[in-house]
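Q: Here are the chains, one letter per residue:
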Amino acid sequence: MSKKQKKIVLYTSPIALLIALAVLVSYQAKRIDNEALLFAETGKGVLALFSEHAAALAEGDLDRTLACYHDDYASPQEGVWVEELESERDGVARYQWSSRSPGPFSRDDLANQLGGFLESVGSLSMAKLKLAALEEISRPGAVVVRSILWLRGERGEGGEAFESHATFRMWLEEGPLGWKISRRQLLTGETVTGARQGFVDVAKDAGLDFSTQLNPLFSTPEWNPEKFGILKYGAAGVSAVDFDSDGWDDLFFGDGQHPRFFRNLGDGTFEDVTEASGLPTTFPSSNAGIFADFDNDGDKDFFLSGFTEPSRLFANRGDGTFEDVTAAAGLGRGFVVVAAAADYDGDRLLDLYLGRYLDPRTELPTTLFYTRNSEGNSLLKNEGGLRFRDVTAEAGVREGGLTLGVAWGDVEGDGDMDLYVANDFGRNALFANQGDGTFEDVSTESGTLDFGFGMAATFGDIDDDGDLDLYISNVHSGQRWYGQAPSLSRYLLASVRQRTIFEDFSTYREIFSHTGADWRVFGDQMVKGNSLMLNDGEGHFTDVAEVAGVNPFGWYWGSGMFDYDNDGRQDVYAVNGWISGKRTDDL
Amino acid sequence: MSAVAHIKEYKTGRFFSDDYRGDMSWNGYENNVLLRNDGCDADGVPQFTDVAMALGADDDRDARGMAIADFDRDGDLDIVINHNPGDNDDLDRRGPTLLRNDLGNSRPWFTVDLVGTESNRDGVGAMVTLEATGHRQLRLATAGSGYASQSSSRLHFGLDAAEVVESLTVRWPSGKEEIYGPFEGRRSVRLTEGQGAELIDLTPSQRPLGGGVELEAEDRVGNA
Chain A
1 MSKKQKKIVL YTSPIALLIA LAVLVSYQAK RIDNEALLFA ETGKGVLALF
51 SEHAAALAEG DLDRTLACYH DDYASPQEGV WVEELESERD GVARYQWSSR
101 SPGPFSRDDL ANQLGGFLES VGSLSMAKLK LAALEEISRP GAVVVRSILW
151 LRGERGEGGE AFESHATFRM WLEEGPLGWK ISRRQLLTGE TVTGARQGFV
201 DVAKDAGLDF STQLNPLFST PEWNPEKFGI LKYGAAGVSA VDFDSDGWDD
251 LFFGDGQHPR FFRNLGDGTF EDVTEASGLP TTFPSSNAGI FADFDNDGDK
301 DFFLSGFTEP SRLFANRGDG TFEDVTAAAG LGRGFVVVAA AADYDGDRLL
351 DLYLGRYLDP RTELPTTLFY TRNSEGNSLL KNEGGLRFRD VTAEAGVREG
401 GLTLGVAWGD VEGDGDMDLY VANDFGRNAL FANQGDGTFE DVSTESGTLD
451 FGFGMAATFG DIDDDGDLDL YISNVHSGQR WYGQAPSLSR YLLASVRQRT
501 IFEDFSTYRE IFSHTGADWR VFGDQMVKGN SLMLNDGEGH FTDVAEVAGV
551 NPFGWYWGSG MFDYDNDGRQ DVYAVNGWIS GKRTDDL
Chain B
1 MSAVAHIKEY KTGRFFSDDY RGDMSWNGYE NNVLLRNDGC DADGVPQFTD
51 VAMALGADDD RDARGMAIAD FDRDGDLDIV INHNPGDNDD LDRRGPTLLR
101 NDLGNSRPWF TVDLVGTESN RDGVGAMVTL EATGHRQLRL ATAGSGYASQ
151 SSSRLHFGLD AAEVVESLTV RWPSGKEEIY GPFEGRRSVR LTEGQGAELI
201 DLTPSQRPLG GGVELEAEDR VGNA
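These protein sequence lines map, in sequence, to chains A and B. Numbered per our numbering, the first sequence finishes at 587, counting up by one with no gaps. Numbered per our numbering, the second sequence finishes at 224, counting up by one with no gaps.
To be clear, the hints were calculated from the coordinates, so they are not data collected in a lab. As the structure is a computational prediction, the values presented were derived from the model and not from experiment. C-beta: ideal position from N, C-alpha, C; glycine also. Some hints could be false.
What the hints assert, rightly or not - Across the chosen pairs, the derived CB separations fall in these ranges:
(1) A:P216 with B:D92: 13 to 23 Å
(2) B:Q47 with A:G158: 25 to 35 Å
(3) A:E383 with B:K176: 41 to 51 Å
(4) B:G175 with A:R317: 31 to 41 Å
(5) B:T12 with A:P216: 18 to 28 Å
(6) A:F505 with B:Y180: 54 to 64 Å
(7) A:P280 with B:K176: 48 to 58 Å
(8) B:D92 with A:E222: 26 to 36 Å
(9) A:E383 with B:G194: 24 to 34 Å
With these hints in hand, go ahead and build the complete structure from the sequences.
A: See below:
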């Protein structure tokens with residue numbers, strides 16, 4: 001055999017190929033491991049320093065703050081922070097941060113800068129330093145990061161409330177005393193101040209004096225609390241609708257045990273009319289309550305969502321009392337979390353779309369970042385006479401995401417109602433109404449997949465261009481480095497090693513089908529927070545949340561658009577917080 | 001969360017259990033945000049400022065549903081929030097929030113009630129465009145949005161400095177389009193499909209939202 005022939009045999013021998021492959025895979029795995037480990041360890045080290053830095057600022061302790069900086073600290077372009085007034089309206093001032101006459105900045109300059117800053121701040125009620133991104137690991141022990149300083153407190157003679165956000169690029173080095181900041185550059189910063197006069201909580205004085213409760217069933221063996229009992233922290237909804245047609249908006253509150261109706265007495269106070277109106281005073285399952293005139297008789301009927309038991313329907317008798325008509329209504333099974341009504345087929349009858357979550361007795365979100373294993377949503381077609389028929393399959397609006405937000409609106413201006421569905425742990429969906437009683441899933445081509453933890457959705461024209469835009473609640477950790485490429489590779493490798501790849505393969509395949517092999521887009525979007533999707537008028541959307549400044553840190557639930565200051569522009573209110581524990585320290 | 005590195009363990013549900021979390025919070029004690037729309041930049045993207053803390057609208061309970069209505073009919077929109085109890089023993093954190101708006105009605109407003117005839121009676125799905133001093137605003141009539149929430153069926157427009165509404169254009173779910181106007185500001189109308197517009201008298205509450213002393217006539221800023 002010639003040398004050349006030997007070579008060919010060697011290269012084509014299956015065993016040799018397998019060995020080569022194994023070596024390559026193990027080499028690649030090792031590389032991913034090393035890279036991911038370095039990335040994770042670096043991030044952890046920087047976070048520890050940031051946590052110390054934030055605590056030192058909160059204490060107003062200059063020496064402790066300075067100890068977070070390198071002895072040889074030096075920045076080529078930095079200055080003392082100054083704030084320039086940008087706008088002032090309704091008692092709210094907004095300032096932009098900048099560095100005054102930036103130039104070479106030493107550790108002494110830094111001491112001046114931070115000392116002056118701490119003096120200007122009266123008291124801090126909160127200080128956080130977030131690690132937004134690990135921009136570059138130059139070598140082990142040296143990293144460039146993007147960070148966000150977030151402060152709340154009081155300052156000035158009048159003790160005015162203030163809140164600041166400042167974004168920095170920071171260069172850090174690891175030494176014998178751990179990670180230290182060796183150089184820093186202010187990118188942007190803003191401060192908002194005000195005297196906290198504009199809104200006042202009058203709930204108790206208005207007669208809204210009750211305590212919400214968890215659904216006790218989620219803690220019983222029948223509901224297998226060991227599996228996904230955390231679901232008990234999901235309730236409760238609220239509706240502000242005039243249910244007795246007297247011209248004053250009344251209230252419904254969902255609850256884990258006791259749903260409540262409050263009638264607006266028109267004198268600034270409310271009266272609990274739950275029992276008087278005929279609503280069940282105990283229904284350990286309620287979340288959403290939808291008031292709509294389902295039989296077109298001039299008063300609003302009531303849909304009450306049920307999770308641990310089936311939903312219910314109540315007919316309005318026209319005198320502010322309600323009759324339970326659930327038996328013949330055809331509402332189907334429970335697991336309902338959210339609902340919205342609209343007439344999708346133009347027959348003048350309001351239909352219902354129900355958003356469901358998973359069955360917590362048997363299911364978990366398949367992965368922390370993508371899951372499609374819900375109990376399935378339903379489109380209920382109103383057949384008249386307060387009876388509904390489930391037309392989900394024939395209408396083409398099957399949706400298996402863990403739904404927490406549903407909204408109806410005509411996104412292309414073609415005269416029929418389209419449907420948006422916001423899903424927890426994964427992706428959202430836009431269903432375009434075809435005008436013939438069916439829908440088409442246009443999530444991908446419309447740009448509305450919105451990877452993340454969707455918690456609510458609202459249509460409204462926020463840029464006054466005559467079409468419906470979308471505001472979507474999501475989660476923004478502020479620590480977006482978790483979603484960077486090395487973390488994702490590490491996760492995939494772990495799923496191979498722990499052999500979960502087989503059961504999760506269809507999940508991964510679905511993500512690949514949306515993003516291709518590059519998961520960075522996906523990872524970055526997962527925790528980037530709330531989305532503001534601007535409509536181009538033809539149903540194509542662009543998420544402008546970052547540029548618009550509407551994706552604040554937090555774990556958002558309810559949100560919506562309204563014009564609070566009557567200035568002719570729609571503002572956004574978004575509420576957040578997941579589980580406040582006995583201790584205030586957090587995840 | 002270490003669940004990322006321990007996928008097999010994640011699948012047991014352990015990371016979601018109360019035992020695993022212990023007394024800690026998970027994104028607890030977070031403040032709500034009020035994002036003021038400051039108008040569009042050169043690219044047509046609206047720009048926002050979080051004014052919740054500055055205006056006292058930054059409640060930190062575990063909020064879930066949120067709905068909007070003018071409960072005292074004084075010409076500005078109030079906010080109601082329902083909360084989950086969370087995992088602490090503080091009863092005050094379990095009550096609802098009703099944020100009375102004390103600043104909006106310094107500027108004029110206009111509200112629209114809808115009654116469908118060929119369309120569903122609530123007019124859900126109707127799109128109402130208001131034009132004042134050449135500026136157009138759109139509102140959509142809905143029944144359910146946000147998270148498990150439903151806001152008032154009364155469509156509320158802020159008029160900024162305008163005292164007159166030049167026109168109201170309604171596109172009903174039936175496809176019918178109707179144009180009304182002009183109207184004076186600080187008024188409320190009911191539009192009945194195919195039957196026209198009527199001014200309705202929405203006298204504001206005699207007492208402020210939350211009760212208390214009766215307001216002097218000049219402090220009531222609702223419909224004249």
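Q: What are the numbers of the hints that this structure violates, sorted from low to high?
A: 3 and 7
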